[in-house]
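Protein chains: 2
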Amino acid sequence: MSKENRDIEKEYTNEQFVAKLRRLADDIEAGENFEIQVAGERIYVPDRAKYSIEHERGDGEEELEFQVKWKIEG
Amino acid sequence: MSKENRDIEKEYTNEQFVAKLRRLADDIEAGENFEIQVAGERIYVPDRAKYSIEHERGDGEEELEFQVKWKIEG
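Sequence order for the protein chains is U and G. Taking our numbering, the leading residue of the first sequence gets 1, the next gets one more, and so forth. Taking our numbering, the leading residue of the second sequence gets 75, the next gets one more, and so forth.
Computed list of lysine-lysine pairs in PhoX-like fashion (alpha-carbon distance at most 25 Å, straight line):
#1 G:K143 <-> U:K69
#2 U:K69 <-> G:K124
#3 U:K71 <-> G:K94
#4 G:K143 <-> U:K10
#5 U:K10 <-> G:K84
#6 U:K10 <-> G:K94
#7 G:K143 <-> U:K20
#8 G:K77 <-> G:K145
#9 G:K145 <-> U:K10
#10 G:K94 <-> U:K69
#11 U:K50 <-> G:K143
Incomplete in silico selection of chain U near chain G, CB under 10 Å:
#12 K10
#13 E15
#14 L24
#15 E54
#16 R57
#17 G58
#18 V68
None of these hints come from the bench; they were simulated from the model. Computed from a prediction, not measured in an experiment: that's the story for all the values here. Think of the CB as a built atom: it goes at the ideal place given N, C-alpha and C, for glycine as much as any other residue.
Make a model of the complete structure from these sequences and hints.
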């Protein structure tokens with residue numbers, strides 16, 4: 001069964017964000033599937049995920065995005 | 075002088091991405107402005123940056139984005 005579509009964004013304090021980053025780094029380094037809680041849902045991240053960084057600048061704003069992407073397997 | 079608009083994305087290996095995440099976590103924790111190199115440009119991130127995590131699911135793909143955003147000051 002596939003899960004519902006979702007697009008949710010949650011702001012975190014510096015301390016919370018730092019903790020999430022370190023947890024993510026540890027999990028990726030372990031080289032296994034892992035889970036991460038984001039805005040009330042536990043997300044399952046497979047070890048086949050791809051990692052990229054995006055940098056956008058425009059309209060008076062600048063943004064860095066540390067992206068973790070994967071295909072959903074049927 | 076304002077810098078040019080930009081939208082660039084670069085894929086990293088697991089090891090590179092983990093190193094970038096840890097560097098980012100350390101820099102945010104230090105509570106000061108910092109710089110990070112992304113796809114050949116050194117990005118200056120002010121300590122007023124906001125931190126959020128976005129989760130998207132749809133079209134057979136799933137994505138987590140760890141976002142660092144800030145307004146460009148004139």
